[in-house]
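Protein chains in written order, with our numbering: chain A, 378 to 637; chain B, 378 to 637; chain C, 144 to 454; chain D, 144 to 454.
The set of hints was computed from the structure by calculation and includes no laboratory data. Wrong hints could be hidden among the right ones.
What the hints assert, rightly or not - Below are the SDA-like pairs computed for lysine to any residue, each with C-alpha atoms no more than 20 Å apart in a straight line:
#, chain 1, residue 1, chain 2, residue 2
1, C, K358, D, D381
2, A, K450, B, E634
3, D, K245, D, E255
4, D, K353, C, L453
5, A, K380, D, K163
6, A, K422, B, K380
7, D, K163, D, D381
8, B, K422, D, D430
9, C, K358, B, K422
10, D, K304, D, E233
11, A, K621, D, H180
Said to hold, decoys possible - Stretch by stretch, here's where chain B covers chain C in the computed footprint (C-beta under 8 Å, at least three residues):
#, segment
12, 152 to 163
13, 213 to 221
14, 226 to 240
15, 400 to 407
As the list claims (entries may be wrong) - Restraint ranges, calculated between C-beta atoms of paired labels, are given here:
#, chain 1, residue 1, chain 2, residue 2, range
16, D, S322, C, T351, 23 to 29 Å
17, A, K581, C, Q429, 32 to 38 Å
18, C, P236, D, S322, 36 to 42 Å
For clarity, every value in this text was computed on a predicted model and none was experimentally measured. Beta carbons are placed, not taken as given, at the ideal position from N, Cα and C, and that holds for glycine.
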Amino acid sequence: MIKTNGEIIEHQCIAKHIFLLSLRYPESNLIVEPGQFVQLSCPGKHTTLLKRPFSVFDASPNIVSIVYKVVGKGTTNLSEKRVGDSLEMILPCGNPFSIPQEGGLNVLIGGGLGIAPLHFLTKYYPKPPFEFWYGTSYEEEWIPANLLQRSGIDLHIHADFSTSNHHSLQFPENLLQKYQKESTTSPTKIYCCGPTKLMQNVTKHCMEKNIPIEVSLESRMACGFGICLGCSFLTKDGMKTVCKDGPTFDGSNVIWESLT
Amino acid sequence: MIKTNGEIIEHQCIAKHIFLLSLRYPESNLIVEPGQFVQLSCPGKHTTLLKRPFSVFDASPNIVSIVYKVVGKGTTNLSEKRVGDSLEMILPCGNPFSIPQEGGLNVLIGGGLGIAPLHFLTKYYPKPPFEFWYGTSYEEEWIPANLLQRSGIDLHIHADFSTSNHHSLQFPENLLQKYQKESTTSPTKIYCCGPTKLMQNVTKHCMEKNIPIEVSLESRMACGFGICLGCSFLTKDGMKTVCKDGPTFDGSNVIWESLT
Amino acid sequence: MNCNPLQTTLQSPRHSIQLKNPIVPASGTFGNGSIVHSLYDINQLGAVLTKSITVEPRSGNPSPRIYETPSGLLNSVGLENKGLPWFLEEVQPFLLSLETSKWVSIAGFTIEEFETLAHVMDTLPIDALEVNVSCPNIHANGVQFCQNMAVLEETLRRVRKATHHFLIAKIALETNPLSQALDIIEQENFDAVCIGNTIRGIAIDAETRKPFFHKIFAGLSGPAIKPIALRVVWEAYDSHPTLPIIGCGGIQCASDVIEFLAAGATSVEVGTLNLVDPFILPRLIQDLETYCCTHQIDLPNTIGSAHHSLR
Amino acid sequence: MNCNPLQTTLQSPRHSIQLKNPIVPASGTFGNGSIVHSLYDINQLGAVLTKSITVEPRSGNPSPRIYETPSGLLNSVGLENKGLPWFLEEVQPFLLSLETSKWVSIAGFTIEEFETLAHVMDTLPIDALEVNVSCPNIHANGVQFCQNMAVLEETLRRVRKATHHFLIAKIALETNPLSQALDIIEQENFDAVCIGNTIRGIAIDAETRKPFFHKIFAGLSGPAIKPIALRVVWEAYDSHPTLPIIGCGGIQCASDVIEFLAAGATSVEVGTLNLVDPFILPRLIQDLETYCCTHQIDLPNTIGSAHHSLR
Ligand SMILES: Cc1cc2nc3c(=O)[nH]c(=O)nc-3n(C[C@H](O)[C@H](O)[C@H](O)COP(=O)(O)OP(=O)(O)OC[C@H]3O[C@@H](n4cnc5c(N)ncnc54)[C@H](O)[C@@H]3O)c2cc1C
Ligand SMILES: Cc1cc2nc3c(=O)[nH]c(=O)nc-3n(C[C@H](O)[C@H](O)[C@H](O)COP(=O)(O)OP(=O)(O)OC[C@H]3O[C@@H](n4cnc5c(N)ncnc54)[C@H](O)[C@@H]3O)c2cc1C
Ligand SMILES: Cc1cc2nc3c(=O)[nH]c(=O)nc-3n(C[C@H](O)[C@H](O)[C@H](O)COP(=O)(O)O)c2cc1C
Ligand SMILES: Cc1cc2nc3c(=O)[nH]c(=O)nc-3n(C[C@H](O)[C@H](O)[C@H](O)COP(=O)(O)O)c2cc1C
Ligand code: FES
Ligand code: FES
């Protein structure tokens, strides 16, 4: 984990209130893996103190990309930055996803911007077969498919705008049910990232069907590297920090009620 | 006085730590006169709350220019802004200089960035004859002569780097003495802007020689338009605010000791 | 959409004043209103509140008087004002010409001065008198009036006797014990409390390593203190739910106003942000209107609602 | 240039500890040091101070625990820690392996718990014990230990009896009356005071108009509170010039450190800024060195210098 300055080399609006941001930093030997995140300082008109956590959407040597949605002070500041501006950041933070099995069928379920770390997973591990299910409740927040496919892997993208429920709870259940009816092989592993309620539901489903489930959790964070206990929550193995012990967890270990 | 957004259309480093910044704003009927200032918000990496006061260096319809020196948080933020960025500002603030007499000899004495409002004075009133004396203690902070002359008026610029005293106290005295020896006509009015000590000295000289003296004062400000009394000081007419009753004052009215 | 009006009522057992909306400028950060009135029509504000007036003219503290802190402001203005006779001659006519609630702030350095001020103000057709008991009492070693319970009680009693006006006690956020001070405010028949004034802080010039202000101590205001002001409002509403509270400290946007109302304030005062943006108050009123519309809430039900949510 | 070393000595009548420099992490914002030690060598710090330990394991408060305020941070971590036996087993070996001053923070909810903790820590070869008397006392209705003078006195007395360590009392910035609390700290033979902890604040979610934290109240830290912390340090040095003060509250750069030293602190603790920038402490040490060099000052003469400038 290092602190560095990232120079913005790409910044584009890809959906309503949603931006793709790529930053180049000088350190060349950094390994950034899928599931990890960056702590990005977001200075500007709106005063901010803490850095903001964003999942890595893509990374290559010296470059890290995120996809973010404008929701408040820091992300509003961010949206006003331009190519050439530079931002302080800490990276990589947290533990990556476990390595997807090459032979098996890895199913990725992303709700909203939960897509970000899953996209990087498909890109980082080109070999294992993935099925990528992506849902969002608002059509205008849909991330263009070409961005998700630009890694050159053949993805199965299932979209479902039919639900007005903004937690998109139905979307994975519908799909999981459909999947289990139509498919012959069962997923060897499910990776899920999105709203907490979504991850909780998927985990419940997976535990019933005995499918290994890995989730990437969110929490209000201060430090992002395990020293403040601002993001602690209860797991079956006791208190854990989202930022340092996670954000990737075995879903079956999470005590969902403790993640308000 | 209005609040508006200024878009940066020009931003260049013109001397060590010194920048020329021009902002374009939409309101077209605003009259901005020499001696007035703008309150500029300076957001960025360093947290600022209050706007910062800067003398108007130049103005034309819809455009205002300042010359500023990087000394702290806000001006550091400012120096990182680029053409196309936009900044909130309040303008025009304060009272302008009185109108220079057309027949007489108006002598302008600027120390350091005190040059800014005086430059605008020469530009705004093309007719009266001006003699422009400009001093700075640090050669590297010298504002290029072409910037001061770009208004097309023939200026007499007297520079004096010989003093190591960083308040440049000697420079105006030397010049005033020299002037009085060599010249036949006495100045009809002196306008002075610069470090407080400089203005105090020039005022003393002028009062001795019975020359009308107008100064442009500085102070720590909060509001910049007369409602907080943060910039009040004692004059011979009682307490006055630098921002609203000034910043231009008859030098002989100022009680210099009250301007710490 | 069905939009509710922003009217709010400060209602005590003996008095009540209705405001067009809960947005009031804080004393000392709005001049006496006339400068701002040249920028926009200040009659749209919930009330207009003047700079604290003292019996004698005061030239205030030496400069420098202003020091910016992270998201805050230290000021050492020192209650500069031209004194009571000047107020009556110069400020009064303008104030009385306004068509909104008219509030006057008074400050004394002795109990007698407070009494005199209240007595003189009693004859003016103003709507409320804000009694700045967060200024130092020269008889009690410079301790603030609101920090010494016996002094506070005596001061409020004599002010109450001197005037029939709607009376607001403006206390310091550090007031201790808060609950006792509020008891006194209620017992002495004050009609509302303003929570609160600036918090005592200092600044040191790192270059010279000397105190930045001649008087060493200064008052901290602005967004930095908001979480503290909000907490004191919460505590006051919790212990004294029927005493109208005017919340003050660091307000800069409509959601800040909503937070103060939800914590228990009936109206708010905005200070430092007037200095940052002279046009903030009308925008706050507008944004508040929009907020109430889009969230389909009305003010009476919002006041104290964060407490009710717990029950 | 002739550069003076940054060494500083916390010197009480009975004890003294020497620090390489005045920069110490504040408890709870540095983990127990091992994570940060993987980022840089924490032996370069003036001291290493652990997260407050309690007798029993505590899971702390429910999430959310963090709320950003203008230039500040409200936290409701609630002293989460794995308890004393875990500390002895897991933290102690790492701490004792360090080559700088080793400080342990203890927190109790009863006087007995403080006593137990002090007693157990007495046997460890650590350099100082910071006693977090700014946490709520469950016997006194949750009032902080440092806010009830009788409780404070009894607590400090029993802790002092239980250990021979260098003892630091960490008090709240709101401690009232401050001077009396400092008298007690000196009388009970504590060796230093840390000023101070977070300030009580609240946050309300404007969307739901409910308290943001389950426990309603939370602790405000960060640059927002610096002018207040600096003021309390100033007052403490003014009234108790021989009691070593560790200044804490909002420090983010070397000039902040200089300001705390000039106000009377012998060393400082840095909290929230560790969370913003994990590498801040070594940079502060470097910048402080540069500052002292370019300004040609040494630390011993800087401590309290803002007071001396007035005489
Ligand atoms: C491990 C992790 C990975 C994340 N990855 C992404 C990502 O890839 N893309 C993305 O757009 N966002 C991501 N987030 C959420 C992102 O951090 C927040 O949206 C951001 O911090 C909001 O900052 P703000 O200043 O704009 O909002 P603020 O002004 O601070 O708050 C506005 C609102 O934003 C929400 N919010 C604030 N902080 C958080 C937080 N830490 N987590 C969730 N919601 C928050 C709250 O609803 C709050 O009311 C991630 C969060 C975590 C913890
Ligand atoms: C009427 C008026 C006109 C001015 N015109 C100009 C101008 O044309 N060009 C220019 O460069 N500067 C001008 N100044 C000064 C300018 O406002 C300050 O340099 C600026 O506010 C510093 O902001 P900062 O955030 O960078 O400094 P901060 O971080 O706030 O403070 C750093 C240092 O800057 C100095 N400083 C801060 N505020 C002021 C202030 N209000 N006045 C003077 N010094 C201050 C102090 O030495 C302080 O220690 C003017 C000031 C006034 C009152
Ligand atoms: C420059 C300045 C002058 C002030 N003068 C007064 C005053 O005369 N009387 C008073 O009661 N409060 C005075 N205050 C305090 C404000 O009214 C207000 O209580 C305080 O600033 C907190 O609110 P804020 O954070 O919105 O500024 C003053 C504050 C500032 C910043
Ligand atoms: C997340 C967090 C956890 C804290 N935990 C403790 C603690 O366990 N014990 C303690 O004495 N202080 C604790 N504090 C208070 C800090 O040590 C420090 O006193 C306070 O944050 C003020 O300093 P700062 O403004 O530099 O952060 C904590 C502060 C924060 C922000
Ligand atoms: S955010 Fe600090 S421990 Fe996770
Ligand atoms: S800066 Fe507010 S009155 Fe001049």
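A quick look at each hint next to the structure:
no., hint, in the structure
1, K358/C to D381/D, "holds, 15 Å"
2, K450/A to E634/B, "violated, 44 Å"
3, K245/D to E255/D, "violated, 24 Å"
4, K353/D to L453/C, "holds, 8 Å"
5, K380/A to K163/D, "violated, 25 Å"
6, K422/A to K380/B, "holds, 16 Å"
7, K163/D to D381/D, "violated, 26 Å"
8, K422/B to D430/D, "holds, 19 Å"
9, K358/C to K422/B, "violated, 31 Å"
10, K304/D to E233/D, "violated, 27 Å"
11, K621/A to H180/D, "holds, 15 Å"
12, 152 to 163, "violated (count 0)"
13, 213 to 221, "holds (count 6)"
14, 226 to 240, "violated (count 0)"
15, 400 to 407, "violated (count 0)"
16, S322/D to T351/C: 23 to 29 Å, "holds, 28 Å"
17, K581/A to Q429/C: 32 to 38 Å, "violated, 46 Å"
18, P236/C to S322/D: 36 to 42 Å, "violated, 48 Å"
Consistency with the previously given hints fails for numbers 2, 3, 5, 7, 9, 10, 12, 14, 15, 17, 18, ordered from lowest to highest.
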